[in-house]
Structure formats: C-alpha cells, structure tokens
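*Asks:* Residues per chain are reported as follows:
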Amino acid sequence: MASAVIQKFKRPLLESLLAIILGFIVGAIVMAMFGYDPIAAYSALLIGSIGSLDGICESLANATPLMLTGLTFAIGMKSGYFNVGAEGQAYLGAIGAIMIGSVIHLPYGIHLAAATLFAMFMGAIWSLPVSALKAWRGVHEVVSTIMLNWIALFFVRYLIEYHYYEPGRAERAMPVLPTARYQVLGASLTTVIFVAVAFMFFAYFLLWRTTLGYELRLTGSNPEAARYIGINSTRVIFLNFFLGGLAAGLAGATQVLGRPPSWTIYKTLGNVINLGFDGIGAALIGRNHPVGIIFASIFLGILSYGAKFMMYLGVDPDLTRAINGVIIIALSLPELYRIIRRFIVGREAE
Amino acid sequence: MKIPKKLSWFIIGVAALIGILFSLSMVGIEPRDLLETTFMAMTPLILAAVGECLDEKAGVVNIGLEGIFLITAVTGVYWAEIVGDGVGGLIIGGAIMGGLIGLFFGIISTYGKAAQVVAGMGLNVFGLGFVPFLMVALWAFPGIHMFDPKLVIRTIDIPVGGGLFRLSPITIFAIIVVIVVDIILYRTLLGLRIQAAGEKPEAIDVAGVNVNHIRILASTICGALTGIGGAFMPLGWFGGLVKEITAGRGFIALAAVVFAGLDPILAAVSSFIFGFSEGLAFTVMITPGVKEVVPHYFIKMIPYIATIVALAIVGSKRFPKALGKPYIRE
Chain A
368 MASAVIQKFK RPLLESLLAI ILGFIVGAIV MAMFGYDPIA AYSALLIGSI GSLDGICESL
428 ANATPLMLTG LTFAIGMKSG YFNVGAEGQA YLGAIGAIMI GSVIHLPYGI HLAAATLFAM
488 FMGAIWSLPV SALKAWRGVH EVVSTIMLNW IALFFVRYLI EYHYYEPGRA ERAMPVLPTA
548 RYQVLGASLT TVIFVAVAFM FFAYFLLWRT TLGYELRLTG SNPEAARYIG INSTRVIFLN
608 FFLGGLAAGL AGATQVLGRP PSWTIYKTLG NVINLGFDGI GAALIGRNHP VGIIFASIFL
668 GILSYGAKFM MYLGVDPDLT RAINGVIIIA LSLPELYRII RRFIVGREAE
Chain B
53 MKIPKKLSWF IIGVAALIGI LFSLSMVGIE PRDLLETTFM AMTPLILAAV GECLDEKAGV
113 VNIGLEGIFL ITAVTGVYWA EIVGDGVGGL IIGGAIMGGL IGLFFGIIST YGKAAQVVAG
173 MGLNVFGLGF VPFLMVALWA FPGIHMFDPK LVIRTIDIPV GGGLFRLSPI TIFAIIVVIV
233 VDIILYRTLL GLRIQAAGEK PEAIDVAGVN VNHIRILAST ICGALTGIGG AFMPLGWFGG
293 LVKEITAGRG FIALAAVVFA GLDPILAAVS SFIFGFSEGL AFTVMITPGV KEVVPHYFIK
353 MIPYIATIVA LAIVGSKRFP KALGKPYIRE
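First to last, the sequence lines map onto chains A and B. Read in order, the letters of the first sequence are residues 368 to 717 in this note's numbering. Read in order, the letters of the second sequence are residues 53 to 382 in this note's numbering.
Fair warning: there could be bad hints in the mix.
What the hints assert, rightly or not - Using 27 Å as the maximum straight-line C-alpha spacing, the simulated DSS-like pairs for lysine-lysine come out as follows:
hint : chain 1 : residue 1 : chain 2 : residue 2
1    : B       : K165      : A       : K375
2    : B       : K165      : B       : K377
3    : B       : K165      : B       : K252
4    : B       : K373      : B       : K252
5    : B       : K373      : B       : K165
6    : B       : K165      : A       : K377
No lab work stands behind these hints, which were simulated from the structure alone. Note that the structure is a prediction, hence the values are computed from the model and not measured.
Let the sequences and hints guide you as you build the complete structure.
*Replies:* If you want it as structure tokens, here you go:
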C-alpha cells in the first residue's frame, strides 16, 4: 500500500523538485550576472526564514494565503479553466473583511465568523461576471479575470480612500476590531492557518468525494464525455469560479483578520498584491492537489519571507517571484523530466 | 465584395468617432489631447496584438505578452542609455530582446511540447518578479527610474487648430506593420504556411515544410513586435519608467486579438478602441470640472471595463484548430 502510494506520487514529486532546482539555478545565474553572491543570498534566505522559530512562524503566515489562492487556480485547472482571478478576488476579500470587522460591533466569535464568511462571499461575488461571460458569451477567462483584477484594484483603493480610511492615518484602512481577530500563535502567525487548511480539506472532499466534484473533474479531464453524459456545463462553470472566489476571498481575509501587527490593508494594497499570481506557482508545484498545494505554499512562504533577508546583500526580494516564474515555465514542460532523466540515468525513461 | 464592406464599416467608424469627439468637446474635453493619447496608447497594443495574431494563426498561443512588455520596457531603457539613442534602445532592448524571448517561447512550445497557457503565465510571473529585481540591479533604486529626456523618441508635430498634434513615428511604424502582416498572412506562400501550421499542420508537413520552424518563426516575430511595444512605453510615450508601467496592457492586447478573431486589421481597429478608452481616461482625469466630481479610481477603470464589454458584445470566435497543441507527427 505504502509503496503503491509512493510509486503513484514519485513522478509528480520528482518533477516538482526538478522544477524547483531549475528555478534556483536560474535565480543563481541571474544574481551572478549582476554581481551578487548567489550562495550568500540563498543562505541568508534560508537562515532568515527557517533558522529561527519566528522565521518559521512568519514563513507559515506567508504560506497561508498562498494555499487558498493556489486552490482557486487548482480548482480551475481541475475543471478545465485557467482561472487567474484570485488576485482581484483576494482584494475584495480583504475589503470585505474590513467592512464587517472594522465597522460593525459583534461579540467575539460571531464577529470573527461573520467577517470571514463575508470576505469569502465578496471574493465569490467578484467571480460571477467571469462565469457569466464565460457561460453565456464564451469570453476567455484569462482576459476577463485579469481585467476584473485591475477593476478590483481601483475599486478597493477607492473604498479605502473614500469610505474605510483610518482617521489620522489615511495611508491605510481601519484595522479590524479586537473581536474580529484570529488568535496570535507566534510572530505574525495566527489560528487563521487552521481555517485555511480546513478549507483545503473541504475542497479535497468536495472535489474527490462528491458527485458535484466528479462533474467538475470530468469536465476538466474529458469535456466530450462530460457533455455526453449530460453534465450541465453552465453549472460547472459557475460552481468552479464560485468555489475559487470563496477560496480567494478567504485568502484576502487572512491578511486582514489574521495578520498582525497591522490587522488591515494599506491603500497601496501592498500586503495583498500578487497573492493571486504567487498562488499559481503554489498550485502548479503542488500538482493541483490540495495536499500538494499546502506543502508547495509552505515552500513559497519560506521563499517569500526569506527573500527579505536577501535585501541586506542588495538583492531585490522580488527575485523570488522571478524564480517562481521559472518554476512555472519548467512545470509546463512535460519533456523536461524525460530529457533530464535521460541525461542523468543515461537511458530513455519509461 | 469584401473590400467595400470593410470600407463602409470604416466610414461608419470614422463618423461615429467624429460624433463622439464632438459630443465630448461639449463637456470640455479637448479632442486633440484625446486623440494624441489614443494614438500613443494604441501603439504598444497594436504591435503586440498583431504579433499575437500571427503567432496564434501559426498555432502558438502566447499569453505572456505582459511579461514581454515588462521586461522589454526595462531593457529598452537600459540599451537606450548605453547607445545614447531612444530608437537604438527600441531596436536592441525592444525588438531583439523581445525576439529572443519569443524564440525561447517558440522552442519550448514546439520541441518542448509545453502547455502554452501555463508557460505564458509563467513568463508573466517571471516578468513581474524579474523587472523590480532588474531595476534595482541596474540602477540601484527600487521601482522607478527617470532617464535623460533626450532619449525620448522625438514626435512628429503636426499643427492642428492652433496647437500641435504630437504623433510618434513608432505609431506610423505600427500601422505599417499591420498592413505588412496582413499582406504576408493573406497574400504570400509564407502566410499560407503560417495559417496551415495552425489549422492543419499535417498538410504542410506532408508538403515538406517543417511545422515547428514556422511556429518558432511566428513566435519570434510576435516577441519582437511585442518587445518594440514594451520599449515604446517608456521611450516613446511616458518618458519615465516605473515597475508597473505595463498596467495589464499585455492582456488588453490579448483581448484585442480575441476581439479581432485573429485578423490583423481588425486587431488594429480594436487596439484603437481600447487605446481610445485609455486616452479618454487620461484626458478626463485632467479635465477641470470632471475630476472633482468623479473619483479618479472610477475613471481609471474605463479601459478595463471597455475591454470586458467589447468581448461580451462580440462573444466567442472561431480559432485555428491546432491552436495551443504541439505538433506530433503520427
């Protein structure tokens, strides 16, 4: 049993590891090209992120939203859609969390749940135009989601500047009230990570253990067969983007309700921006499987938190996003694994 | 029969444009400023959209246009500073650099059998991270770089109605590219082969033409044109560089391609429409009496909303049969 499981996951695992190694190699080459010391930079990254308990907590806190935005993308891929709307839906989730968390007064517990659910709802609402355009007008989801991401950016900035700004500190929105905050576990890690992980397992259950999930996956893997057995494609479209929206909305909420010390978002949206795009990497490294995504997100969380320590060597931390891009490109190449294996083992694989 | 129909649409379009401009001038929006910005905003869109049309006709879908825009905007400025000339930067840092990215993308989509949409998105994510890194590495300052105004590509100034209408020579170049690509695609053997590579790759393979070479060529041209568009943004239009300079225009160009159903001329027309919506946003934002009433955030949404609405109106179109599929000989 155990060996069968290992056999099943061996190839995807090796492919992901290979892509990650390739990403780091390209990152090192780029750093060396511009006169930085790659080894010093990478060791600063690792020592900063996993060299201390605080670092590990911060890395996990960074990983939390990536699991969820990764899930958005993964559900899309499983259903056959390229959903890159997590970015904008996360902005909406963040402002949704503030709408309930900062303004309304409720007892602890209820307040937290209400703010979390409303954030998810806001993320999901933002997915509806994508589904409608896809189902009824055939508009490609890549274009519509990216356009909605930009509209969300301006809309949320408007809401912060005109309606939810913190008096005296106009650069950010009102922080959420103490009754709408997840408990701090250490550094900026809060109990919201458990909510995120629970949502991942909920998604796993839904996709692999229910008829609805089967319909989604069948539409993704074999649309002809899905149509033949009478699966309603409009329902699949709406369900897939809606679920993705819920996950992305929750991702936005984690940055507001579960991220000290600010407990809010800045007008620049600096603490939610690019979560959606980093999530694509998490989904692909985790092979679009909820459990895989959790581990991939932790890896990316380490990378993104540790990147801050490369700054002491003058390296811009955004380089890790470039590494993420290389990993995504490497994972898009089915031939890569075969070529490298042949190179190393000296014979044709399979 | 085909040409008169196109011509009549052209006349209707121009009449509608004059009507819109006239009615906008009633609320105090200067038509000259509006058209000037429209032509500027249209230029990178046209270049990328026409390149993508060619690429998709050949069967390669590259959604990494935004990534190419980002990277070439930086390399364009970098090379312009080295060469000491804006057009030089546009050629080396834009066309050549973009062409190399396109070549790479072509190779991985053919011989590498890449999942092209995933690879394209990877290119975008790469650009998103690489550009801020590159800006710090090159100029040791995060996120923004001002360069010598002498490097900005000179515009052609046409006196119109008591003022000057500034037209970039690159805009004229872009329009020429549209015509050239249209002729290549529909009137030459190479064009026929490009179309076959996307529609029925077996056919040209049997005829002894290498499908992969055709696709790599198309992808390289697409990259080069997109690269010129990317370098044009700082060097021909804004006169400065920020890390968010592209602002999703790579995806608006993709939308223009979808809107046009892969026809280069229609892609140019839709680029004009999207450019116009952007020009409108820019002009409205600085028009007294408007900027006080409507928060500028809503005006900034106009191009993106226009893109969605335009796509919703045209709906889905027919695309080449072998689009996005690597060619594997049976």
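*Asks:* So which of the earlier hints does this model not fit?
*Replies:* Hints that this structure does not satisfy do not exist here, as all of them hold.
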